[in-house]
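Okay, so the sequence shown: first residue is 21 according to the numbering used here, each after it adds one.
Derived from the structure by calculation, the hints contain no laboratory data. Fair warning: there could be bad hints in the mix.
What follows is a list of derived Cβ distance ranges for each label pair [claimed, not checked]:
1) Pro164 / Gln71: 41 to 51 angstroms
2) Ser32 / Asp114: 25 to 35 angstroms
3) Ala98 / Phe66: 16 to 26 angstroms
4) Ala65 / Ala130: 29 to 39 angstroms
5) Gly103 / Ala75: 17 to 27 angstroms
6) Pro131 / Thr174: 17 to 27 angstroms
7) Gly103 / Thr55: 22 to 32 angstroms
8) Pro74 / Ala130: 30 to 40 angstroms
9) Asp58 / Ala169: 18 to 28 angstroms
10) Ser136 / Pro164: 14 to 24 angstroms
Cross-link-like lysine to aspartate or glutamate pairs, in silico, EDC-like; alpha carbons within 20 angstroms at most [as the list claims (entries may be wrong)]:
11) Lys106 / Asp133
12) Lys106 / Asp82
13) Lys106 / Glu96
14) Lys106 / Asp163
Beta carbons: idealized from backbone N, C-alpha and C, even for Gly.
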Amino acid sequence: MTRILLITGGTSEGSLHTAALRTAVRFAPADLTATLYDGLRGLPAFVPGEQPVPAAVAGLRDEVAAAGALLFSTPEYAGSLPGSLKNLLDWLVDGGDLTGKPAAWLSVAAPGDDESALGTLQTALSFGNARLLRPACIRVPLDPAAVDAQGLVTDPQLHRAVQDILQSLVRSAGAPKPRAQPSWQAYSSVFPVVMRRDASTPRGWRPPS
Numbered sequence: 021m022t023r024i025l026l027i028t029g030g031t032s033e034g035s036l037h038t039a040a041l042r043t044a045v046r047f048a049p050a051d052l053t054a055t056l057y058d059g060l061r062g063l064p065a066f067v068p069g070e071q072p073v074p075a076a077v078a079g080l081r082d083e084v085a086a087a088g089a090l091l092f093s094t095p096e097y098a099g100s101l102p103g104s105l106k107n108l109l110d111w112l113v114d115g116g117d118l119t120g121k122p123a124a125w126l127s128v129a130a131p132g133d134d135e136s137a138l139g140t141l142q143t144a145l146s147f148g149n150a151r152l153l154r155p156a157c158i159r160v161p162l163d164p165a166a167v168d169a170q171g172l173v174t175d176p177q178l179h180r181a182v183q184d185i186l187q188s189l190v191r192s193a194g195a196p197k198p199r200a201q202p203s204w205q206a207y208s209s210v211f212p213v214v215m216r217r218d219a220s221t222p223r224g225w226r227p228p229s
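With these hints in hand, go ahead and build the complete structure from the sequences.
As C-alpha cells, then:
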C-alpha cells in the first residue's frame, strides 16, 4: 500500500492549509495511506552539512523515505514560502531526500494570492530533484468558514479534488521514472484552477460528474 506524506506550511492552530490536508487524510482512498506530518514547528534551523543531524530532522527524513510521494499545501508570507517550510525543504534538499520523489501541491487560496509561494516551492523541489507531478497540482479556493468544529473542510469540491490528487500520486509512485523535462516546465506559472461556485467563469480542473 502506497504511503503519501502530507506537509503543511501552516503553523497556526487554525491554518486553513493544515485543515485541507487533514481533510485529505480523512477522505483518502482506501488503497493508500495518507499521513499528515506534524513536526514542522519542532525542526531546528538548517545548518548545512551538520552531523549528526538533530533527532527531529532524522525523523523527518525517515518519514519522507517511507513515503511513496509527497503532497504540500502552504500559505504565502512576505511574498514567499513561510520560513518554517523553507527550513524543512533545506534539510531535505541537503540530505538528498527528495531525489526522484513524486510531489504535488494543493492550493486553497484564490488565484493571485500564493503564486510566489508556489513558485518558491517548485524551485526548491527542483533543486532537490523531486518529480513534480504537475497534473496533480490543483487549486480549490476555500473560505475559512468551510472548516468545521473538528478541523475538517466540509466543501465537497475539496473532497473530490484530494482524492484525485492522491490517486494521481499513487500512480506516479508506482510508475517508471520519466525522462528529465526541460527546465522551463518547472517554472511555468500556469496552474490548474478550481474556481469557487460563486465565480463567473470556471476553468481548469473540474470534479467528475
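Do the hints match the structure? See the list:
Distance hint check for Pro164 and Gln71: the Cβ-Cβ separation is about 42 angstroms, which falls inside the suggested range of 41 to 51 angstroms. For Ser32 and Asp114, the Cβ-Cβ distance of about 27 angstroms falls inside the hinted range of 25 to 35 angstroms, so the restraint holds. For the pair Ala98 and Phe66, the supplied restraint of 16 to 26 angstroms holds, since their beta-carbon distance comes to about 18 angstroms. The beta-carbon spacing between Ala65 and Ala130, approximately 32 angstroms, falls within the hinted interval of 29 to 39 angstroms.
For the hinted restraint 17 to 27 angstroms between Gly103 and Ala75, the CB-CB distance of approximately 21 angstroms keeps it satisfied. At roughly 22 angstroms, the beta-carbon separation of Pro131 and Thr174 lies within the given 17 to 27 angstroms, and the hint holds. In this structure the supplied range 22 to 32 angstroms holds for Gly103 paired with Thr55, their Cβ-Cβ distance being about 24 angstroms. A beta carbon spacing of about 37 angstroms between Pro74 and Ala130 agrees with the range 30 to 40 angstroms that was offered as a hint.
For Asp58 and Ala169, the hinted distance range of 18 to 28 angstroms is satisfied, since their beta carbons lie about 20 angstroms from each other. Between Ser136 and Pro164 the C-beta distance comes to about 21 angstroms, which sits within the given range of 14 to 24 angstroms. Among the hinted pairs, Lys106 with Asp133 is consistent with the structure: their alpha-carbon atoms are about 18 angstroms apart, no more than 20 angstroms. Among the hinted pairs, Lys106 with Asp82 is consistent with the structure: their alpha-carbon atoms are about 18 angstroms apart, no more than 20 angstroms.
With a CA separation close to 11 angstroms, the supplied pair Lys106 and Glu96 stays within the 20 angstroms bound. Note on Lys106 and Asp163: the hinted pairing is violated, with a Cα-Cα distance of about 25 angstroms set against a maximum of 20 angstroms.
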